Amino acid sequence: MAFGEVKALYKYEFEPRDKAEVFGDDIIVYAYWIDNRFFCSASAWRVPKNMKWKDFVNQISSLYGLDPEYKNVKKWEWFHFDESFKPEDEKTLIELGLRHKSIVKFKPA
Amino acid sequence: MGYTYVKVKNKGGATVMAKKKLTLAQKYHIYTRGLDWEPTYVNKKDIYPYAEYEGIKIKDWNKWEDPFRMTVDAYWKYQAEKDRRFYAILDGFIQNQGHLTLSDARYLNSIKLFIQGVTPLEYMAHRGFAFVARHLPGAGPRTAGFFQSMDELRHTQIEVHAGSNFNRYYDGFHSMTHMHDRVWYLSVPKSYFDDAVTAGPFEYITAISFSFEYALTNLLFVPFMSGAAYNGDTPTMTFGFSAQSDESRHMTLGLQVVKFLLEQHEDNVPIIQAWIDKWWWRGYRLTSLVAAMMDYMLPKRVMSWKESFELYIEDQILEGLFRDLEKYGIRPPLHMEHSIKEKEFLSHDVYWILFSFTYAAAFHTWIPNEAEMEWLSEKYPRTFNQYYRPLYEKAREVKTPLPGDRFYYLSLPQLCQVCQIPMGFSDPDDPRNVVQRHVEYKGEVYHFCSDGCKWIFEREPEKYIQSWLPVHEIYKGNCFAEPPKGPDDVVPQVLRWYNIQTDNFDYFVSEDYKNWKEWHKDMATVVV
Numbered sequence: 001m002a003f004g005e006v007k008a009l010y011k012y013e014f015e016p017r018d019k020a021e022v023f024g025d026d027i028i029v030y031a032y033w034i035d036n037r038f039f040c041s042a043s044a045w046r047v048p049k050n051m052k053w054k055d056f057v058n059q060i061s062s063l064y065g066l067d068p069e070y071k072n073v074k075k076w077e078w079f080h081f082d083e084s085f086k087p088e089d090e091k092t093l094i095e096l097g098l099r100h101k102s103i104v105k106f107k108p109a
Numbered sequence: 110m111g112y113t114y115v116k117v118k119n120k121g122g123a124t125v126m127a128k129k130k131l132t133l134a135q136k137y138h139i140y141t142r143g144l145d146w147e148p149t150y151v152n153k154k155d156i157y158p159y160a161e162y163e164g165i166k167i168k169d170w171n172k173w174e175d176p177f178r179m180t181v182d183a184y185w186k187y188q189a190e191k192d193r194r195f196y197a198i199l200d201g202f203i204q205n206q207g208h209l210t211l212s213d214a215r216y217l218n219s220i221k222l223f224i225q226g227v228t229p230l231e232y233m234a235h236r237g238f239a240f241v242a243r244h245l246p247g248a249g250p251r252t253a254g255f256f257q258s259m260d261e262l263r264h265t266q267i268e269v270h271a272g273s274n275f276n277r278y279y280d281g282f283h284s285m286t287h288m289h290d291r292v293w294y295l296s297v298p299k300s301y302f303d304d305a306v307t308a309g310p311f312e313y314i315t316a317i318s319f320s321f322e323y324a325l326t327n328l329l330f331v332p333f334m335s336g337a338a339y340n341g342d343t344p345t346m347t348f349g350f351s352a353q354s355d356e357s358r359h360m361t362l363g364l365q366v367v368k369f370l371l372e373q374h375e376d377n378v379p380i381i382q383a384w385i386d387k388w389w390w391r392g393y394r395l396t397s398l399v400a401a402m403m404d405y406m407l408p409k410r411v412m413s414w415k416e417s418f419e420l421y422i423e424d425q426i427l428e429g430l431f432r433d434l435e436k437y438g439i440r441p442p443l444h445m446e447h448s449i450k451e452k453e454f455l456s457h458d459v460y461w462i463l464f465s466f467t468y469a470a471a472f473h474t475w476i477p478n479e480a481e482m483e484w485l486s487e488k489y490p491r492t493f494n495q496y497y498r499p500l501y502e503k504a505r506e507v508k509t510p511l512p513g514d515r516f517y518y519l520s521l522p523q524l525c526q527v528c529q530i531p532m533g534f535s536d537p538d539d540p541r542n543v544v545q546r547h548v549e550y551k552g553e554v555y556h557f558c559s560d561g562c563k564w565i566f567e568r569e570p571e572k573y574i575q576s577w578l579p580v581h582e583i584y585k586g587n588c589f590a591e592p593p594k595g596p597d598d599v600v601p602q603v604l605r606w607y608n609i610q611t612d613n614f615d616y617f618v619s620e621d622y623k624n625w626k627e628w629h630k631d632m633a634t635v636v637v
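Protein chains in written order, with our numbering: chain A, 1 to 109; chain B, 110 to 637.
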């Protein structure tokens with residue numbers, strides 16, 4: 001993709017306001033329940049890079065558990081952006097390949 | 110002024126000077142072109158530093174045909190008369206406790222959105238047109254910019270006065286400018302106008318005078334003003350009448366600007382086309398808040414968003430305006446097709462977003478009652494019952510610890526990097542999911558709600574990497590009144606920083622509803 005330039009009277013370059021460094025040892029991760037519009041959009045979470053996957057899932061379940069369907073699902077299928085991925089409970093978000101502003105998507109397997 | 114001196118012969122045959130009244134055209138010429146001059150000891154480029162960098166080429170400013178001939182003295186007289194009428198009606202409404210005769214207190218939530226979201230933009234438009242009035246090298250458009258700048262300031266004032274009468278009795282009217290700079294959903298209109306005023310004068314005037322005033326104003330004003338009339342809100346309706354003649358001047362200016370720029374040089378055509386492409390989508394995304402208001406927040410409805418979009422955009426703008434512009438080499442905006450595909454989803458998606466996050470909003474939402482659900486399914490036979498009615502049925506069942514017998518989204522949403530709306534726009538080809546796009550730029554990922562917003566980012570990424578996204582700002586700790594004492598204190602500290610007091614949560618647990626019932630306890634008009 002070729003990006004355009006902002007026309008200006010001076011060299012127009014800025015630091016990204018929400019770049020990874022701003023969040024230190026944390027990252028922003030988005031979560032999205034595929035095929036479920038009850039949650040109007042993906043959710044956003046500030047979490048430690050070294051958070052274990054199971055703790056992350058536990059954290060987002062505070063939201064997704066509001067849907068009565070959630071507890072009926074025995075197994076979830078996961079995607080990192082649009083790539084299928086197989087997270088392991090004890091691995092950290094970074095070990096699993098997540099990065100700042102990653103989106104993980106899920107649906108009942 | 111208003112007079113000139115001409116040479117006449119007196120009775121004795123001598124030449125003397127006599128006073129002569131000017132025609133309107135002469136007067137106009139003196140007040141505008143007559144005030145312009147060619148600099149002699151300063152370089153013109155130093156006087157108009159913003160005139161060239163956008164790439165717009167003007168061969169002859171004198172080819173500008175004034176779309177209206179308004180002189181300053183006529184302007185003051187005319188506007189003062191309109192103000193007198195407006196304030197007389199407003200006073201009558203206040204003295205007669207007019208707010209009690211509204212269709213329902215729920216109606217005012219649309220006016221809260223207006224006063225928090227739109228009125229501060231009127232003020233920004235005042236500043237933007239002052240910039241145009243200073244920096245365009247042509248005297249004609251500078252004068253038009255000056256008048257519009259004054260109009261926008263007047264609109265800000267009378268909207269504030271129209272809204273302030275409700276502030277005594279209802280939530281959500283008390284801190285409009287404070288909230289406009291801080292609250293998550295108000296970053297949508299704020300960032301739209303910040304984008305426009307940080308552009309050069311030609312892009313600004315194309316964005317606001319043409320893309321907004323010409324192409325989108327009807328979509329914004331008709332629902333608000335007709336909605337006001339239908340729901341007994343005389344102040345807002347009277348404001349609408351007072352602004353109407355100004356608005357028609359603004360629209361005329363918008364069209365004149367674009368035609369003038371297109372006629373001046375063929376190199377201007379692709380530049381204008383790209384601005385039309387960008388500002389169509391920016392403005393259209395902004396009016397999605399109006400879509401939600403029209404279909405959900407007016408107790409007495411005017412027309413559906415879909416009907417309004419078909420009338421004002423598909424019939425008038427696409428079939429009318431863009432047919433006229435074909436001869437200049439201008440085509441309809443990019444992504445217009447997608448807005449047409451979205452027309453049966455847009456209002457529902459946006460109200461569902463507002464409904465989900467009402468715990469952090471300075472207005473109330475509610476589950477539509479059965480009659481309203483029926484209206485929605487009749488107006489949207491292909492989408493409402495299929496995709497949206499089930500959401501409200503589930504929302505009734507799912508309780509949270511917060512006030513209101515219904516569901517709230519107890520986390521923060523992913524926002525679009527460009528329009529800043531939570532990314533909840535249906536994919537018309539897969540309505541069980543929302544559109545999600547992303548791109549990587551200089552090692553960072555950015556997310557978008559649509560191809561339109563992604564395209565805008567890719568054209569000028571350095572602009573949008575600076576976006577002040579409310580969700581990320583909360584996570585950076587920039588939006589707390591005091592540091593939260595624990596996870597449960599996060600939202601309360603944000604609300605204090607927003608100055609949201611009793612303005613949030615479901616309508617049926619609000620002070621507004623409680624008071625409305627109390628004031629009407631002997632009347633049978635309360636909606637329950």
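Calculated from the structure, these hints are not laboratory results. Everything numeric in this text was worked out from a predicted model, so none of it was measured. Do not rely on the hints blindly, as some may be mistaken.
[Unchecked claim] Below, in silico cross-link-like pairs of lysine-lysine (BS3-like), each with a Cα-Cα straight-line distance of 30 Å or less:
| # | chain 1 | residue 1 | chain 2 | residue 2 |
| --- | --- | --- | --- | --- |
| 1 | A | K49 | B | K585 |
| 2 | B | K299 | A | K7 |
| 3 | A | K7 | B | K368 |
| 4 | B | K551 | A | K52 |
| 5 | B | K153 | A | K19 |
| 6 | A | K7 | B | K166 |
| 7 | B | K166 | A | K11 |
| 8 | A | K52 | B | K585 |
| 9 | A | K71 | B | K503 |
| 10 | B | K572 | A | K49 |
| 11 | B | K299 | A | K19 |
| 12 | A | K74 | B | K508 |
| 13 | A | K107 | A | K75 |
| 14 | A | K86 | B | K299 |
| 15 | B | K551 | A | K11 |
| 16 | B | K168 | A | K7 |
| 17 | B | K118 | A | K11 |
| 18 | B | K154 | A | K7 |
| 19 | B | K572 | A | K7 |
| 20 | B | K299 | A | K11 |
| 21 | B | K153 | A | K7 |
| 22 | A | K54 | B | K572 |
| 23 | B | K154 | A | K19 |
| 24 | A | K54 | B | K594 |
| 25 | B | K503 | A | K7 |
| 26 | B | K508 | A | K19 |
| 27 | A | K71 | B | K153 |
| 28 | B | K118 | B | K128 |
| 29 | B | K153 | A | K11 |
| 30 | A | K75 | B | K299 |
The hints, checked one at a time:
1. K49(A) / K585(B): holds, 15 Å
2. K299(B) / K7(A): Holds - the C-alpha atoms of K7(A) and K299(B) are around 22 Å apart, at most 30 Å.
3. K7(A) / K368(B): holds, 23 Å
4. K551(B) / K52(A): The given pair, whose Cα atoms are some 28 Å apart, holds under the 30 Å limit.
5. K153(B) / K19(A): Violated: K153(B) and K19(A) sit about 42 Å apart, past 30 Å.
6. K7(A) / K166(B): holds, 15 Å
7. K166(B) / K11(A): holds, 22 Å
8. K52(A) / K585(B): Holds - the C-alpha atoms of K585(B) and K52(A) are around 22 Å apart, at most 30 Å.
9. K71(A) / K503(B): Holds. K71(A) to K503(B) sits at ~15 Å (cutoff 30 Å).
10. K572(B) / K49(A): holds, 28 Å
11. K299(B) / K19(A): holds, 22 Å
12. K74(A) / K508(B): Distance of about 23 Å is within 30 Å: holds.
13. K107(A) / K75(A): Roughly 9 Å between the alpha carbons, so the hint for K107(A) and K75(A) holds.
14. K86(A) / K299(B): violated, 41 Å
15. K551(B) / K11(A): Judged against 30 Å, a Cα distance of about 17 Å means the pair holds.
16. K168(B) / K7(A): Measuring from Cα to Cα gives roughly 21 Å; hence the hint holds.
17. K118(B) / K11(A): Violated. K118(B) to K11(A) sits at ~64 Å, over the 30 Å cutoff.
18. K154(B) / K7(A): Holds, at about 17 Å.
19. K572(B) / K7(A): Given that 30 Å is the threshold and the Cα spacing comes to 10 Å, the pair holds.
20. K299(B) / K11(A): holds, 25 Å
21. K153(B) / K7(A): holds, 21 Å
22. K54(A) / K572(B): Distance ~38 Å between K54(A) and K572(B) Cα, so the pair is violated.
23. K154(B) / K19(A): violated, 38 Å
24. K54(A) / K594(B): At roughly 26 Å apart (the allowed maximum being 30 Å), K594(B) and K54(A) satisfy the hint.
25. K503(B) / K7(A): violated, 49 Å
26. K508(B) / K19(A): Status violated; Cα separation ~36 Å.
27. K71(A) / K153(B): violated, 71 Å
28. K118(B) / K128(B): Given pair K118(B), K128(B) holds - Cα atoms ~13 Å apart, limit 30 Å.
29. K153(B) / K11(A): At roughly 23 Å apart (the allowed maximum being 30 Å), K11(A) and K153(B) satisfy the hint.
30. K75(A) / K299(B): violated, 43 Å
Checked against the numbered hints listed earlier, the structure breaks hints 5, 14, 17, 22, 23, 25, 26, 27, 30; every other hint is satisfied.
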